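Undergrad: Protein chains in written order, with my numbering: chain A, 1 to 313; chain B, 1 to 275.
Because the hints were derived from the structure by calculation, they are not lab data.
Note that the structure is predicted; figures quoted are calculated from it, not measured.
Hints should not be assumed to be uniformly reliable.
To be verified - Okay, derived cross-link-like pairs now, SDA-like style, lysine to any residue, Cα gap no bigger than 25 Å in a straight line:
hint, chain 1, residue 1, chain 2, residue 2
1, A, K214, A, H233
2, A, K128, B, G109
3, A, K49, B, I206
4, B, K108, A, G254
5, A, K49, B, F201
6, A, K49, A, D15
7, B, K108, A, W169
8, A, K214, A, T198
9, A, K217, A, T244
10, B, K108, A, K214
11, B, K108, A, Y130
12, A, K217, A, W169
13, A, K214, A, S277
14, A, K128, B, E104
15, A, K49, B, K108
16, B, K108, A, L119
17, A, K128, B, I111
18, A, K49, A, S18
19, B, K108, B, L241
20, B, K108, A, K217
21, A, K49, B, P265
22, A, K128, A, N174
Unchecked claim - One-sided excerpt, in silico: chain A residues whose CB lies under 7 Å from chain B:
hint, residue
23, V63
24, R70
25, A81
26, N97
27, H100
28, L101
29, S230
30, S232
31, L272
Even for Gly, the Cβ is constructed at its ideal location relative to N, Cα and C.
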Amino acid sequence: MEKTFAGKHEVRALDGVSFAVEPGTVFGLLGPNGSGKTTAVRVLTTILKPDRGAARVLGHDVVRQAAVVRSVIGLAGQYAAVDENLTGRENLRMVGNLNHLDRPTVARRTMELLEQFNLADAGDRPLKTYSGGMRRRLDLAAALVGHPPVLFLDEPTTGLDPQSRNDLWEVIENLVSEGTTVLLTTQYLEEADRLAGTLAVIDHGRVIAEGTPKELKANLGATVLEVGLSSSHEAERTAVLLDTLGPHHPAMNGTVVEVTVDDGPRSAMEGLRALDSEGIVPTGFTLREPSLDDVFLSLTGRRAENENEGTPA
Amino acid sequence: MTTAAATAASPNPGPGPDGFATRARWAVSDTLTLTRRNLLALVRLPEAVFFSAVQPIMFVLLFRYVFGGAIHTPGVSYVNYLMPGIFVQTVAFGAVSTSIGLAEDLQKGLIERFRALPMTRSAVLIGRTLADLVRNVFTVVIMTAVGFLVGFRPTTGVLPYLVGVGLILLFSYALSWGFAVIGLSAPNSETAQVMSFPVLFPLTFISSAFVPVAQMPSWLRGFATYQPVSVTVSACRALLLGGSTASWVVQSVAWTVGLLVVLIPLASWRYRHRT
């Protein structure tokens, strides 16, 4: 797919993105703001037409069979697209009617979803009284009114507190266990890791890596060992010691030494032994998973900067 | 390049467009759903409705008691001259809410949701403009009552009043489509409001709504006489106060139809291409 936004600054939002999703799985599109994730979702949900290329959802072409595609998808976005002036129940009913479900089905689905998303008590309150997490849950519920076999989630947890994020992850996992196919975009490696069976890392409208989270992380240089020291002299000595751990060379950042290691726990033990034998006592000692920043650094040679989307998405 | 495919394990083509009758039924039900949704917003915000009535009432009082004495309207009391103008001005100002409402729906992502639903696309714009039409009916009723309180006395009876008000409401419906174009072109609702006023002010004030055109400089009179607000005010005035009506009514209907013919496709095009 290709898509260019004309205007003051021409933005090539999609530059030959291509991927396929197994039915009944979660596919994650991972990338920073402005990488083209949202544009890809908007093309796949028939909101935008691609300039070039084609996309199919359940075999239906998103341009030529847009109406059919719309009847098999659900979309929940990072901007909770619910009507502020209506109650939760009215919002779900509106979407049900617009899905052309019959009256009893709309009523039943509305009840079920309010229950399922823990909004039954708040169902008849106007949205103004809802918290951010509640709105996001309602937004997701609205995407599910028509029982869509394919669900698009555009940064479903951006801006949520950890508790709400966890709740939402559980809901998504339940949907997938019932057979829904999910395409998820996210900026968080942790989220992609937890939910997605397959991931595509996207940057400047291109897929730059694809695989399971495990494969990607293995390629990305597994784990980062971070050692804090009390002086820069000690940091220099530590850097020399840690250089023997593996193929990657340590980097010094003030009095902190960072090194990427392939086998975290083993390298940590070897590192500690080496420091102990030299009588160095670290002030900090951390093993951490690579962050999205590390992923980008290793894939593109630069930090994942936040660029603006070419359009208010 | 190509292929973002999620191939179906279970065949679920969904209820595609099967037949004209079904599609027509859906179009009506979608439009009603969205009209209802927009009207519910009005019920939920009674303060907003109250304050939107305050401004036209202030205009009535201002022109009736402050400026009115200085404006000479031969053969008719100023309050009788004024009220048809106020009706049209009020519904014209009210039409701005079409642009604000659409800009807000765009901003909040509701339009994105609608576009990904298997609904009739035109229902978004028709539902919005119909809801604004319903609101304008109430506005005109309120302004008629306010007019009566300050001495407005139409002289021709109920039927001509209903025809006159009907013309104004039709005209307001055409204007709503114009403001829909603005709302769909604005980056946000605040800008939509600001963008609406340069259209609104010349239309409502360089008109025969408040001041007889004869009192304006000659270079302004052509525009001031034949622009849509003026001909609609003149038609309504003739219907409510007596005088020859046919020519003004025809001109007003012609403007309304002409505006609808141009603005509906324009707004629909903006809606389809807004990204």
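Undergrad: Does each hint fit the structure? Answer for all of them.
TA: Verification of the supplied hints:
1. A/K214 with A/H233: Violated: A/K214 and A/H233 sit about 37 Å apart, past 25 Å.
2. A/K128 with B/G109: Judged against 25 Å, a Cα distance of about 16 Å means the pair holds.
3. A/K49 with B/I206: Violated, at about 43 Å.
4. B/K108 with A/G254: 45 Å, violated
5. A/K49 with B/F201: 38 Å, violated
6. A/K49 with A/D15: 14 Å, holds
7. B/K108 with A/W169: 24 Å, holds
8. A/K214 with A/T198: Distance ~9 Å between A/K214 and A/T198 Cα, so the pair holds.
9. A/K217 with A/T244: The given pair, whose Cα atoms are some 22 Å apart, holds under the 25 Å limit.
10. B/K108 with A/K214: 36 Å, violated
11. B/K108 with A/Y130: 16 Å, holds
12. A/K217 with A/W169: Holds, at about 21 Å.
13. A/K214 with A/S277: 34 Å, violated
14. A/K128 with B/E104: Distance of about 15 Å is within 25 Å: holds.
15. A/K49 with B/K108: Given that 25 Å is the threshold and the Cα spacing comes to 21 Å, the pair holds.
16. B/K108 with A/L119: Between B/K108 and A/L119 the Cα gap is close to 21 Å, so the pair holds against 25 Å.
17. A/K128 with B/I111: Distance of about 19 Å is within 25 Å: holds.
18. A/K49 with A/S18: 15 Å, holds
19. B/K108 with B/L241: 46 Å, violated
20. B/K108 with A/K217: 36 Å, violated
21. A/K49 with B/P265: Answer holds: A/K49 to B/P265 is near 20 Å, not above 25 Å.
22. A/K128 with A/N174: 28 Å, violated
23. V63: 12 Å, violated
24. R70: 4 Å, holds
25. A81: 4 Å, holds
26. N97: This hint holds: A/N97 lies near chain B, its Cβ roughly 4 Å from the closest one there, short of 7 Å.
27. H100: Since chain B brings a Cβ to about 6 Å from A/H100, closer than 7 Å, the hint holds.
28. L101: Given a least distance of 10 Å, the restraint on A/L101 is violated.
29. S230: 51 Å, violated
30. S232: Hint violated; A/S232 Cβ to chain B Cβ min 50 Å, cut 7 Å.
31. L272: The hint is violated - A/L272 has no Cβ within 7 Å of chain B, the shortest such distance being about 47 Å.
Checked against the numbered hints above, the structure breaks hints 1, 3, 4, 5, 10, 13, 19, 20, 22, 23, 28, 29, 30 and 31 and satisfies the rest.
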